[in-house]
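Colleague: Throw the hints in and build the complete structure from the sequences for me.
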Amino acid sequence: MTVLSIRGLKVYFSTEDGIVKAVNGVDLDIGENETLGLIGETGCGKTVLGLSILRLLSENTVVEGEILYRGMDLLKLSEEEMRKIRGKEIAMIFQNALTSMNPVLTVGTQVSEPFELHHGLRRRDALMKAIEMLKLVRISSPSERVKEYPHEFSGGMRQRAMIAMGLACEPSLIIADEPTTGLDVTIQAQVVELMKELTMRSRTSMLLITHDLGVAAELCDNIAVMYPGEIVEYANTVEIFKNPKHPYTQGFLDSLPGRGLKPMEGMSPSLINLPEGCKFHPRCPFALERCKREHPRMVEIGNNHQVRCFLYD
Amino acid sequence: MKRYIAKRLLLLIPIMLGASMLSYSILYLAPGDPAELMLERQLQGVPTQEQIEAFKEEHGLNAPIPIQFANWLYRILHGDFGISLRTEKPVLTEYLNRFPASLVLFLMSQTLSIAIAIPLGIISAVKHNSEIDHLSRFVAMIGVSVPNFWLGLLLILFFAVYLGWLPAFGYGGFAHLILPALALGVSGCASIMRLMRASLLDVLNQDYIRTARAKGLCERAIIVKHALKNALIPVVTVIGLHIGHLISGMVIIETIFAWPGVGRFLVESIHARDFPVIQGFVLLIAMIFVFSNLIVDISYTYLDPRIRYE
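These protein sequence lines are chains A and B, in that order. 313 is the number that the working numbering gives the last residue of the first sequence; the numbers go up by one with no jumps. 310 is the number that the working numbering gives the last residue of the second sequence; the numbers go up by one with no jumps.
Among the hints, erroneous ones may be present.
[As the list claims (entries may be wrong)] To spell it out: a stretch of chain A is covered by chain B in this simulated footprint if at least three of its residues, at any positions, have a beta carbon under 8 Å from a beta carbon of chain B; those stretches are: (1) 96-104; (2) 112-118.
[What the hints assert, rightly or not] Quick list of in silico lysine-lysine cross-link-like pairs, DSBU-like style, CA-CA up to 30 Å: (3) Lys84(A) with Lys229(B); (4) Lys147(A) with Lys196(A); (5) Lys147(A) with Lys56(B); (6) Lys225(B) with Lys88(A).
[Unchecked claim] Calculated from the model, a selection of chain B residues having no Cβ within reach of chain A, i.e. all distances over 12 Å: (7) Ile83; (8) Val104; (9) Ala227; (10) Ile233; (11) Pro260; (12) Leu294.
Rather than coming from a laboratory, the hints here were simulated on the basis of the structure. Cβ coordinates follow ideal geometry from the N, Cα and C atoms, glycine included.
Modeller: Here's what the structure looks like:
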């Protein structure tokens, strides 16, 4: 049973420098209780993809395709219907909790807000729920801490409070955008552990957006590798790490410290000026003549492993 | 917090000392011999050398300047601001008599400009690039640029002379208050409105507003609960700074509208080279500045929990 199913998603927005093609025809499925990792370099459109699901992009953005949440196309809902999905059915955990939390409202106010909004609780009852949530994410003396402001929390605590905010109404799907970026490595491990435990417990599906392969390996069932605007490889986590097929995925994995720390040649292309043919061909060590002209399709190579490369087509 | 306020009040001492030095030096920085100038005014003619000497002796102007200053300061600390040379009444009494009229005008124009600027700024930001936004920005642009004395004259011409709806000048009921309050408040109103708009627009682009949207809050709740308090922080600073502008504006507006306040009294005294009155005014202004800054600083702690004074 799929919770979220994305079909042919395109997200474009115009800037002074030209049209940014952030997402160019993405298909993805996330099943019940599944954690799907969306990995890729900075600027490959993965955050835009995450935001487009909850329709949080600015009004001048063009979004095409289908985003089906339990069979319902989110792109066709009214703004008011969409508000009932946000925070209740699908929640989002943002990176950088310092800027993502309101500096002038107490943590308690911010964590209790979803309860007031979606469960119609009174302020005091919602605050009790918020205290429970903070306890769940292991913030010590939560009944004191709810009265504090985000700047009085440490980085790890803020991120855990963000998680509490996201999980408040027990959503079916969580979109976590780089939830561990900017945290100390030891704190990162704690946060990852916590997310794993909480999503397991509440049987929540998750779309984890990250460039950190370690975090992805720890949390994800399946992984989709994104290269400017499209998915280039999809498989389960073990398969991706053991048997990467796409030259980009191979390069990405080889650049890991544990795997030789080999830097990848070249730069990721700008989303304004994408190359013709296969978008990876200018950096690809195996590029064929055909790669410059034709755009490869996603090919199934068995074991539910798909790759977008002419080497396998 | 109490300790902070106490500390700030203690700081008043050196500030007021500096301001009083400055205000006392007006007597000597102004061109001409003060005794001669004052006598000229009193006698309506050129005084003789003997008269000047006698005047200097009488007012202690022969002593070294630091001694004169110390004596002056001693008298001020005892509530004696001297006698106005023009009206021959105590300066303090003259100010206290005129202060209520100025306060009424100040409060009216400040309330009016804030009450118009804040909602208009919010609407402009929420519906930015709409017609109402363009219109209010255009009007605000004019409001910032127009000098208040000219605006005052135009208001008199239009509402008092041409339409005859409101009195042109003088002190009386509420109707008398409207035109001077408008003339005084327009430029502050326009700049507060523009800042409110810019500040709210900036806040609406912050990450935490996106978080609030992701929770499923409606636009109204996002603006009222999440954005407004953040956006008001710079606006409060500017409202505080504008108090100074407003006081200098009052000097002009009170003169144009014949408003019997402190500002007009100052202008009359400057014309008459009434030094004790001018010195008193400088001290008064310094005091108002220090207190309005203190109030702004304290109000920050209510708006922004990150600001705490120890």
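Colleague: So, for every hint listed, does it hold in this structure?
Modeller: Hint-by-hint comparison with the structure:
For the region 96-104 of chain A, the proposed coverage by chain B is satisfied: 7 residues have a C-beta within less than 8 Å of a C-beta in that chain, meeting the threshold of three. Counting residues of the region 112-118 of chain A whose C-beta lies closer than 8 Å to any C-beta of chain B gives 4; at least three are required, and the coverage claim holds. Distance check on the hinted pair: Lys84(A) and Lys229(B) sit about 25 Å apart at the alpha-carbon level, within 30 Å; holds. As the CA atoms of Lys147(A) and Lys196(A) are separated by approximately 28 Å, the hinted pair is consistent with the 30 Å bound.
Straight-line distance between C-alpha atoms of Lys147(A) and Lys56(B) comes to about 67 Å, which puts the hinted pair past the 30 Å bound. Between Lys225(B) and Lys88(A), the direct Cα distance comes to roughly 20 Å. Compliance with the 30 Å bound is thereby established for this hinted pair. No beta-carbon of chain A comes within 12 Å of the beta-carbon of Ile83(B); the shortest separation is about 52 Å. Chain A leaves Val104(B) outside its interface by the beta-carbon criterion, the shortest separation being 34 Å against a cut-off of 12 Å.
Chain A draws Ala227(B) into its interface by the beta-carbon criterion, the shortest separation being 9 Å against a cut-off of 12 Å. At the 12 Å boundary, the C-beta of Ile233(B) falls inside the reach of chain A, the nearest C-beta of that chain being 8 Å off. With a minimum CB-CB distance of about 43 Å to chain A, Pro260(B) clears the 12 Å threshold, and the non-interface call stands. Even its closest Cβ contact with chain A, about 22 Å, leaves Leu294(B) beyond 12 Å, as expected for a residue assigned away from the interface.
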